[in-house]
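S.K.: For reference, the chains in residue letters:
2 protein chains.
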Amino acid sequence: DALPCADLSQAFQRKHRDLSLCCSHYSQIDHFGFLQDGTFKQRYLVADKQWHQPDGPILFYTGNEGDITWFCDNTGFMWEVAGQLGAMLVFAEHRYYGESLPFGQDSYSDSKHLNYLTSEQALADFAVLIQNLKSSVPGAQNSPVIAIGGSYGGMLSAWFRMKYPNIVVGALAASAPIWQFPNMVPCGDFYKIVTQDFAKSGKNCDANIRRSWKAINNVSSTASGLQWLSEEFSLCAPLKNKFEAVNFKSWLQETWVNLAMVDYPYEANFLQPLPRWPIQVVCKYLGFDATVSDYQLLHGVAQAAKVYYNYTGSSPCLNTSQTATSSLGALGWFFQACTEMVMPMCTDGVQDMFEPEEWNFQAYSDECNAMFGVRPRADWAGTVYGGKKIASHSNIIFSNGGLDPWSAGGVTSNTTQSLVSIMIPDGAHHLDLRYSNALDPPSVRAARALELKYFQKWIRQAQRSTGTGYTVSKKRRIFL
Amino acid sequence: DALPCADLSQAFQRKHRDLSLCCSHYSQIDHFGFLQDGTFKQRYLVADKQWHQPDGPILFYTGNEGDITWFCDNTGFMWEVAGQLGAMLVFAEHRYYGESLPFGQDSYSDSKHLNYLTSEQALADFAVLIQNLKSSVPGAQNSPVIAIGGSYGGMLSAWFRMKYPNIVVGALAASAPIWQFPNMVPCGDFYKIVTQDFAKSGKNCDANIRRSWKAINNVSSTASGLQWLSEEFSLCAPLKNKFEAVNFKSWLQETWVNLAMVDYPYEANFLQPLPRWPIQVVCKYLGFDATVSDYQLLHGVAQAAKVYYNYTGSSPCLNTSQTATSSLGALGWFFQACTEMVMPMCTDGVQDMFEPEEWNFQAYSDECNAMFGVRPRADWAGTVYGGKKIASHSNIIFSNGGLDPWSAGGVTSNTTQSLVSIMIPDGAHHLDLRYSNALDPPSVRAARALELKYFQKWIRQAQRSTGTGYTVSKKRRIFL
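The listed protein sequences correspond, in order, to chains F and S. Each number in the numbering used here comes from the position in the first sequence (counting from 1) with 11 added on. Each number in the numbering used here comes from the position in the second sequence (counting from 1) with 11 added on.
It should be emphasised that the hints constitute simulated quantities derived from the structure, not laboratory data. Fair warning: there could be bad hints in the mix.
Where chains are identical, the list cannot tell them apart; a pair therefore holds if satisfied intra-copy or between any two copies.
Unchecked claim - Here are the simulated lysine to any residue pairs, SDA-like style, with alpha carbons at most 25 Å apart:
(1) Lys-145 x Ser-403
(2) Lys-211 x Arg-471
(3) Lys-251 x Ser-429
(4) Lys-253 x Gln-291
(5) Lys-214 x Ala-313
In this text the structure is predicted, and so the values were computed from the model without any measurement.
Using the sequences and the hints, build the whole thing.
M.R.: Structure follows, in C-alpha cells:
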C-alpha cells in the first residue's frame, strides 16, 4: 500500500485538500541572522495512512543532497516499518536541492546566493518544519519523532539528534561517515575498502584495475591511441588530448567507487540500473594475468565500465561528465565539500588500486576558491559536530556496510549503550534503508530488526515521559 | 593573589610575552556562512597561576553583554575555587561588546553590520577559542573545560554544554532565565518577584510604589508639577512634557527592577554602588500609610531613587537615560532582544506594583523594526535551545536566587540527576558567582560548596575517560 513517492505529493494533496501544511512550508532563508528575513518554500512529503492518531510516532527522513522523491523511493525500510509502528512518514527535502531552492533559478548563480547552503541551516529547517507540523497537525503534538537518513542524510540525522534532542527522540544514521573529517580517520581507508571489494569479487580484478592507469597513460600518448580508447569506451565525446585523458581516469576512478557503494545482492537502480552483485559481473571482464597487453586490458576495462553505464543496453554512448543519477545535486554537494564538508581522501597505489595521490588541503582550498570564491574551513565540522567526542549524546544508531567505502569514516563500534553501531558485513551503502528483498543477506535482515527494536524502545521512552501511549504499571515503571 | 581583572591582560602579557595566544584571538565573523570570510579580534583574559599543568581543568567564563573585565571582576567565585581545582581561568568576551567588535567602530552602524550579533555565533566563538587554546597551550590538550556564566552569560554556559558537549564537560548557569521565552513561563512572574522583594523589605513599600504611578500622572499634568518633579528627583534634564513623564516612569520602573536584581546582603558595586540590603534602605523612605499626599509620596520616592543613583553622594544630578553601569552594552542587548531573545513580560498592577501592561508581541516587533530594521523571531530560541525539553542533556547546574526576578524564567527544580537546580532563597542575581563575603547567607555558602562538588565530579569523569588525573583501579572502575 506504499505510494510511489514521486506521486506522493499529489496523492497527499488529494487526500488532504484542506490541510494547509501539505507538502511545502515556508522556512527562513537565514536561521542564523536577521538581516536576510526572506523565506523559501521547502518541500516535504507526508504519508500518514498507517499513522495511529493521536500520538503515533513520526519517522522523519532528513533529506540529503538530491531530489527528495528519489530518497523517498529508495528508503523502503521506512515504508515497511510504518505499519508496525503506526507511524507517519515525513520526507523533508534539503534546501538547495530538488524543488527547495531558496532563490529559485538564481540559487546557484554565485557565492552570495549559495551562502545559505550549510548543514546547520538544513538542520534548522528540519527543526522548524517539525515544530510547525506538531503545532498544526491534529494529534501530532505529542508524537515522538525519529530522524532517519542515509549517507550525508545519515550524518544529518545523527547531528539532528545531537543538536536538537528536544525535537527528535532518536536517530538512525545509515552509512553516515561522520568521522571522514580531518584528523579523525586515515585518509586512505576509503579507497582501501573500494579495492578490497574488487579484490574479493574476482581473480586479479583489483590488480588489473591498478595496471589500467599506466595502460591508459601509454595508449593515450598518441592520437590514434586516444581514438582507439574513445571508440572502445563508446564515449559520447571522443578524447582529444592528454588532459582529457586525465579527466577520463578520474571518471573511471569514480565509477569503481560508485560500484563499491552500490554492490547490492540483487538487481537494483540506485545510482544506475545494475545487476545483482555488480562488482562480480564487472570483474568477469578483468581476470587477465600479468602478461596481458595494454589494449587487451583496456578492452576488458571498457566492458567492465559498460556494466555500470549500460546494463540496460539503452545508452548509445558513455558520458564522462556524469557518473550517477541526475537526482543527486552534484554542484550543491561540491559547494558543501568546499565549505564545511572537508573529507580528506588519499591513495598510495599499493594498499589500493588507484594512482597515488596525497591529500593536499591547500590545493583543495585553492580549487574551491577558484570554483566558488569560498575557502573550506577544515576544522569547523569537527568543532561544531563533536568529532570523536560524541559519548554524551544518546539514542543514535550508526549502521554501516562492510562493503561500503564510506564505512571508513563511520562509527563502527558501540560508543555507549544508547549510541550503538550495527555492522552489516555484506552490505554496501545503506542497504538497510532499502526495501527488503528475497536476496537480502541475513546480516541486513538482522540489522533492520534491531533498528526497529531501538525505534520501539525510543518511542516507549518518549511516551512514558509524556504520559502518552500504553499504560505501564507503577510497579514496572521503577525498573525501566 | 587574584589580579584585578582590568589589569589582567597586561600582566598576562608580561608573564607570557612569547605566547602568541595572549588575550585575543582571531575568530570568524560568520561561523555559519562562507561568503563573509573575515575575522575579528576576540578578547579573552587568562589567569593560570593556579593551574596544574598538564591536564588541570579550565574554568571558562562565557562572556555576556558587556566588557569582559567587568564580568571578570564580578565573578570572584572563579578566582576563589581556582586554587582548589588547580584550574586555569579564561574569561572570553562576547562579540560586539567591550573590545571585541567585529567591525570596529562600525559594528553598530546598521543592521548589516549587526547581522553577526547572535548567541549562536557567540557560542561558536567560544568553541573555536577553546579548541585553539587546547591545541596551542602546552599541557592544555586534555584539560577538561567547565563553562561558567551568570544571567545571559549563564544562558550561554548552559547552551554551550547543550550544543558543544564535545568542548565542555559541564556548565554552571547562574541566574540564567533560559525559560523566559514565549509560552514557557507566565509573563507576569518576573514583576511579581520584584514586588515581593519590596513587600518584604518594609511596611507599605510595594503599596506606595504602586500608588506612585498615579501620583506622577497627577503631578506631571501641570507645568509647575513637572518642574517640582524634576527638582525633587534632581534630574539632569528637567521634564518638559507629559511624554517625558512616561519615560520617567519607565526609568523608575527599571530602577526598582535593578534594585531587585542587586539586593545583596552587603555593600556592593555591581550595577551601581549600593548599601547592604539596598531595598530595605529604599523602603525606609516608602513607609507612608494610605493618607499620604501625592507630593509627600513622590518626595519619598525621590529619596528612595537616590539610594540607587547616589549612594556615594557623588552624583550632582540623576540621568534618566541610564540605569546601570556603562560596562553593560545596552544597545547590543536591545538588538539581541529584538532578534532572538524575545522575553515576554507583563504587569497587572494587582499581583505586582506596576502599571498594568499586557505583552504585545506585534507592538514589540514593530518597535524593533523601527529601531533596527529587524523583526524578532518569537519561537526560534525555544526551537534551537530546546525550551522545556532539556532532559537529555547532562552536567548543568542551574542556580537561582529567590530574590532575583530572573528566577521566574530559570530552572528551579532538578530535571535529572545531572541537570540540577540549586536555589538560594535569600540570594539576588547570581550572588553565588560573587566573591565570598562575611555577610553571605548560609544558603549561598552551601550553593558554592555544592557547585564546587559538581565541578570536581565532572573533572573526575573527564579524567577517567581520557586516562588523565589520578589512577583508578580496574576493580573500582567497574562500579563507577
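S.K.: All the hints need checking, so say for each whether the structure fits it.
M.R.: Status of the hints after comparison with the structure:
Taking the shortest alpha-carbon separations for Lys-145 and Ser-403, only the inter-copy value of 20 Å comes in at or below 25 Å, while the best intra-copy value is 27 Å. When the C-alpha separation of Lys-211 and Arg-471 is checked against a cutoff of 25 Å, the pair qualifies neither within a copy, at 43 Å, nor between copies, at 47 Å. Neither within a single protomer nor between protomers do Lys-251 and Ser-429 lie at most 25 Å apart by alpha-carbon distance, with minima of 56 Å and 67 Å respectively. In this homomeric assembly, Lys-253 and Gln-291 never come within 25 Å of each other (Cα to Cα): the closest approach is 31 Å inside a single copy and 88 Å across copies.
Only within a single protomer do Lys-214 and Ala-313 lie at most 25 Å apart by alpha-carbon distance; the minimum there is 18 Å, versus 96 Å between protomers.
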